[in-house]
Each structure stands twice: as C-alpha cells, then as structure tokens.
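Number of protein chains: 2
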Amino acid sequence: MEKENFKPDGFNEILDELLNDIAPSKEEEMELKEFSEKIITELYAEIDSKKLRSLIEDIIQVGSTDRNTNLKNDYDIDIFIRFKKDVKKEMLKETVLKIGKKVIEKLDGKCWIEYAEHPYLSAKIGKYDIDIVPCYKLNWGENIISAVDRTPLHNEFLKKMLKKNNLNNDVRLLKKFLKGIGIYGSDLKTKGFSGYLCELLTIHYGGFINTLLGAQKWKIGEKIILKEIFDIYNLDHDYKFADFKDSLVVYDPVDLNRNVAAALNKENFCKFIFYSHQFLKNPSKDFFYNYYKKINENLNNRKEKGKLITLGIKRKDIVDDVIYPQMEKLQKSINKILIENNFEFLRCGYYADDNMCYLSWEFLVWELPNVKLKIGPPVFNKEGVDNFIKKNNKYFVKDCNVCAYTTRNYKNIYEVFEDIRKGKLKKKITYPKYVSPENAIIFNGLYFHDYQLK
Amino acid sequence: MEKENFKPDGFNEILDELLNDIAPSKEEEMELKEFSEKIITELYAEIDSKKLRSLIEDIIQVGSTDRNTNLKNDYDIDIFIRFKKDVKKEMLKETVLKIGKKVIEKLDGKCWIEYAEHPYLSAKIGKYDIDIVPCYKLNWGENIISAVDRTPLHNEFLKKMLKKNNLNNDVRLLKKFLKGIGIYGSDLKTKGFSGYLCELLTIHYGGFINTLLGAQKWKIGEKIILKEIFDIYNLDHDYKFADFKDSLVVYDPVDLNRNVAAALNKENFCKFIFYSHQFLKNPSKDFFYNYYKKINENLNNRKEKGKLITLGIKRKDIVDDVIYPQMEKLQKSINKILIENNFEFLRCGYYADDNMCYLSWEFLVWELPNVKLKIGPPVFNKEGVDNFIKKNNKYFVKDCNVCAYTTRNYKNIYEVFEDIRKGKLKKKITYPKYVSPENAIIFNGLYFHDYQLK
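Just so you know, the protein sequences line up as chains Z and D, in that order. Under my numbering, the residue at position 230 of the first sequence is numbered 236, and the numbers go up by one with no gaps. Under my numbering, the residue at position 389 of the second sequence is numbered 395, and the numbers go up by one with no gaps.
You may find that some hints are simply not true.
For identical chains, the list gives no copy identity; a pair is met inside one copy or between any two copies.
What the hints assert, rightly or not - Calculated cross-link-like contacts (lysine-lysine; reagent style DSBU-like; alpha-carbon spacing at most 30 angstroms):
#	residue 1	residue 2
1	K417	K300
2	K439	K342
3	K251	K404
4	K311	K342
5	K39	K130
It should be emphasised that the hints constitute simulated quantities derived from the structure, not laboratory data.
All chains, please: the whole structure from these sequences, using the hints.
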C-alpha cells in the first residue's frame, strides 16, 4: 500500500462501532452473493433453452453489492447481460425483457419494465430489488454504444482497486457520512455525491479519514486524477485533460471526457468540506445519522424568525428527478418577482412528499409602503429623460439620474402570492409543466421541518 | 460679436417680461452708482486728512452692482481699497477699519467688523449693504498675496467682456434661473453656481439661452476654457491646463490654477442640465420663481409615502457654512448605521432654520423581524470558520460561506434613534461639534416642506 489508511486516535472506536452498524454481516453478504449467482445461472439456462447464446458475451453482477461497498439492508442486485457489439439495440431490449421475465417469474418474483436511456427489467423477489440491464461488452478505451456500457468497466476497476487496498469499509463510512449530512446521491433532488464518486475518492485518497483530510485542501474547481489513469491509458504526466467548469472534477477512469462529480453542486461541495472539518475536529457518530435533520431543526427552531410562508402545490404523479428541477425553476422565477418588488427573504427552499410540493420562504421584509422609487436614465440621455418624465410626474434628479416616485404594485407578499395562485403573473413567472402554482394553497409557516431552506 | 446671442421664438416675450421684473431700473442703477461714488470720495478725503495717501494705489467699486449684473433689490456695494504691495498686512487692516468706520458714521450708517481670510468692514446705510475690503493691487498674472486680491481683476475682466458683448442682462437671467431651481450660490449649504461662474459661462457661451444650450452637451468632468485666456496669457492651444476632478471645470481667467466651479456638486451639475433641457423644451417663467419649492411640494405631497422621521436638533449660533457640512456628516454617519441594520430609506435630507437643525428620512423598511443573517467566512478558511461557529450556534453553509442566524440589534428605527439621542451610539456615529444628536427630538413626518430630500 502506498498510502497509509490513516485513522488518528479517537477515531478507531467510533469507526469500528459505525461499521458494526452499517456494514452487512458476512452471512448477509454470502446470502446475497448466492442469490445473485442463482439468478445469473437461471438467465444462462433460459438463454440456452431459447438458443440465444451466440448473441451474448457474458452475464455479470455489478454494483455496490457485488463490490462489497453497500450499506447494511441494501438488497439491490444489478445484473448486466452483455451482448456482442454487432447485435442490434432492438434485439438487446427484446431478449432481456423476454428472458428476464421468465426467470423472475420462475423465482416467484414480480417484474416490470423501467426506462432509462433504454429499457431494462426491474424486479422484486422477497427482500431483493433486482435490475436486469442489457448492454454491450466493451474493452477499455472503446467508445460506449449505450450509456450503461461503462458500468461493467467501472465495476471491474473498482473491485480490483478496493480489494488491493482493502478499502471496502472505508467506502461504506464515506457513504454513510455523506448520507448523514444529507448530500449522498447524484439525483437532481440531492445534487450530491454518487456511490461511484465515493469509491473513486476513497481509492484516490486511500481511506475514509484520508478523504476527509484531503477535502480540507480543496478549492472551487478542484481537479482529481487517479494515478491509475496514467497507467491504464499510458499517458504522460503533462497530458491535457478535458476542461470542466464544475466545483469538483473527478475524471472517470473509464471515460476521461466524463466528470464523475458533475452532479455535485457548489453548496454541497462546500458542505462536505465544512462538515468533514467539523467531524475531524470533534469526532462523533452523530454526523452519520440524519445529522442534516438536526441541523435543520436547530435552524428552524429559532426563537426569532422572519415571516414564514409556504406555497403548497398538488403533486402530479411524476418522479423526483423531474419534480425537483421544476420546483427549483419555479422558486427562482418567483424569487425574481419578490426581489423586483423589494420583498427580501432570508432563505427559501422546496420539498415534495408523495402528495404535495412545498415552496417555502422566510421573509425579512414582507410589508412595504405603497411608494416606489423608479430610477430613470441619466440626465445626459435627453430622449430617455423625455420619455421618462412623460410617464412619471413625481420626478426629480438624484445623483446623475432622473428618478420618480410611483405606486408600488404590491404592498405585502400575500398580494403577490394571491396573484400567482390566480395565474395573473403568467407573463412574468415560468409556470413549469408539472409544478404549476395555479390554485396553490398559501400556508403561514414552514409546514415541514425536515427540508432545508437556504 | 462672434457668437449670436441666440433667442429662439417663444423665448423673447418670456425673457423680456422676466427682465422687466428682475433687472434694476435705470434710476435704481444711477442712484446706486452715485451713492457708491460718494463713499469712495469720502474714503479718499478721510485718507488724505489722515495723510495716508502714500500707502494706497486706488479705491474702486467691484461686484455685480458695479458690473450691472445684479438682480433688482440687490443693494450690495463692494468697495475695495487697494494698497501698495510693500504695505504690511497689519497696516491694511488697521487703516481700513479706522478710515471706514469714520466714513460710515459720517454717512449716518452703522458698521461692524467681519472676518474672512482677513478682516474687513461691513456696513448698513439706509437700504444699502456695504463691504469695505482692503487688498493689494496686482497686475495680471501676478501671484495673489491675500485671497481677495483676485476680485478687482475679476471685476475688470468681466466688465470689459460683458460690455463688449452686451451680456449684462443675460447674466441676470442665468442667475435668476439658477435661483429658481435652487442651485444659485457656491456656499456649503447650496453647493451650486456662484455669481462669478454665471458671468463666465454667459461670456463663454455668448448669452443666457446659449449657456443652457451649451449645457445640453456637458458630460461629467466638462472643461471650459474661455478663449480670452489664450490671449491674456499668450498660450499655445495645446497648453496643458491644471487637472481638476470636479464635475465642471471652468478655469479662472485671473488664476489658471483655480476652478471657478469647484463648489458645484455633481447633483447640482446634473440638475442644471436637466432643468435647462426642460425649460428649452417648454419655456415658462415658472422656472425662475421658486421652482425648486414647487418640485419639493410636488414630491412631498404624494399620496403614497414611506415612513417619515425627522430628528430635530437645537441649533447653536453658528453660520450655515459650518452647520450644513456638519449636518451632512452626521446624516451620512447615521445612514451607515441604518444600512448596517437593514433599514432602507427612499431619501433623506437636512435643513436648518434659525433655531433648529432638521435631519429627515423617508423609510421604505422601518420594521424588521428580530432575526439577522450573519455571513461568515468561506468554508476554505478553517480558522475563520472555527472562530465563527464558536460565536454563532445557529450556523449553516450557504453557497461557499458559513452563515448564521443571530438576533438583530434593532427591530425598528425608533429604537435606533432612541439610542442615538441617548448617546449610546457614540462609538459608531460621528457626533459633530455643533450638531450633536444627543437629546434630539424625534418627530414623525417631515416637519418642513421647503427642503429637499434626495
């Protein structure tokens, strides 16, 4: 091992206790392994019986359960059926859905079709959640044909590296830590760290604590290149890597033109640095267990507050990855109106449960007099001045501009939200397809305490 | 005449009516001339009787009444006693006070001593206000010994130029126009155009309307060099003049290192451009008669207003030129506190009558919740972060900074003003010598309508 997996005093006990709680038992591990092998065996048998063996390279298990980096009670099994490169895409889909369905039913499971870039089969057998995904078998450095073709290569690389340095439990600690502070997941709701990113970071820094220590030196736009990349692709050390504008850039060993940390937003990048620092200074298991909820509760349970207003919108039957970006878009659009009308908020945020979308604001200024200052053109712009005073009769010169007092459109935020829910601001606000504020409910207060306003 | 004194259609009638009203009658002019000549004759007689003739070069009348650029009912007579350059300053003072007093008393007037850079005699005889000022007689281009030495040269230059181009009444129109829009006077209360500046501009542009038209092309930092300057000093046209940072630069023909428009502030510079443009578009006598009061009334009599608060401070027996800068300083200092505490105002201003100083504000935001957002250091600054969270327990990460909610010092502006009048903010506010807000009275409303808030 090149890097010592650093665990300073005071951490060992905590980390051991944590692992005891979060790592699956050997029995669990074995059981899962046996079950996924059984599925693979059945898939091969079905393929042979259908005489489709010639289309297929192999059937493999991938994912964190295969790599021993999953957390306890994670029963996800990912099976990839890898086809030969000359097989048509249509054929991949058809084969997997047919063969898969047969096998799942044979094992007394239920299954349905899911769609990512191309369809795959999702199934439930007992406590296990199974995905059976078709892809092409690629060699290192080959261009992908479908988006999921990278996954088996990721799996291969990680397995080798994690085993070599015995880092499986370190990945688990990092994942759990990120979960605790609410930034685990690269989905559009979380915009945090993906599992794959956790594994690469753990490999790069050589352990969990080392990763946290490493992050203390990060700056915005931090670039991380695993040294293995130079060996794999036989690159010089002055090789010019692709340029990314993200807060954190981690080059994918499987595809150097891909930033594994692209989904991570700047705030979550900063949160990781901040809470890592807190944890390193004051090691405690607290950080690993819903710590973000405690932070939010601490913030929400302030004695002194601004005015809290929540817009409640009935949720359509649409997934988080669509709903959350639309909520964000709507809130940004409403924020513009609020700022335009001089209503100042301390923080805002959004959250969706199964039935409703909630957009909340904490206001610092929610009532204003009816007067508004309009700043016109500089006195040097004669045409602009003439037009301005034609429209505004309470004008005067302030500094170098002609200004005027006019009547404000909204005296308090309720009037703004009333107009929004009545659809009167459609010209100024983007009403997203699935999160329309028309007929929304206006609540006083936060309504929920487990989402973060910022 | 090189420049035509341009008076477009629609202006002649207005300007003639105005002149009828504002220019002194021929009788008035004659009467004043005779009276000032009488004073000069008496001064010579007294000097001769005291055998002081050898100290003195001459005694002359200067000022707008001498140049025929004064407005009606302006009975100011400025007499300058010009001494030989080898006479000691002490002697100037002594002689003028002694001789002057004698003459004034002989003419049944009252007199007293005034102090500018050096003392002079001020007097009242009937309706006339007389200043008798000692100075040295200089030739063109010679360095001044005392500040007032320039005045006789100014007078000589202006008289010649105004007479040559028959511009006396144009100066009167410009002065009255500037009075009307409230920016006539180079004192620290007004920060506008001096009489001398009006005369130079009228000469430079060749008339009143031409000056207004000329101003329409002004930009911040406008530089005006009278062409006569090149002749007087025999300068090349690429001569490098002194650099001034003022909004308007008008080189003094008597001293090229002096900007005659130094006292004019940017806002008044812009007001001149703005109201000139208005007048040229819609010629009306209204502009010449307390137009600024109508503007202020129009602004103050809005139906919709913010919260108006006035701080009333007992006035010490101190001149405007001292009181006004101190009021300005105090208001700026209080504004800083208001902004720091997130109270937003639309406009503010100050005004003093004989008994009181008034500082007023029109507030847009005058009440706030008790919570305050404190923005701490970026998460990259570990030491800063550690210090910040030691002091603030409701912390969180926002964008790249650690932030916290704390309790606001002031929930409304009355609390701020209460602390100011109790002297509790002495560390944060500059309490000027003569305008101390301690024990000030806090009024609701504007209290006065004839001063401008901006």
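List, from low to high, the hint numbers that the structure doesn't satisfy.
The structure conflicts with no hint, since it agrees with every one listed earlier.
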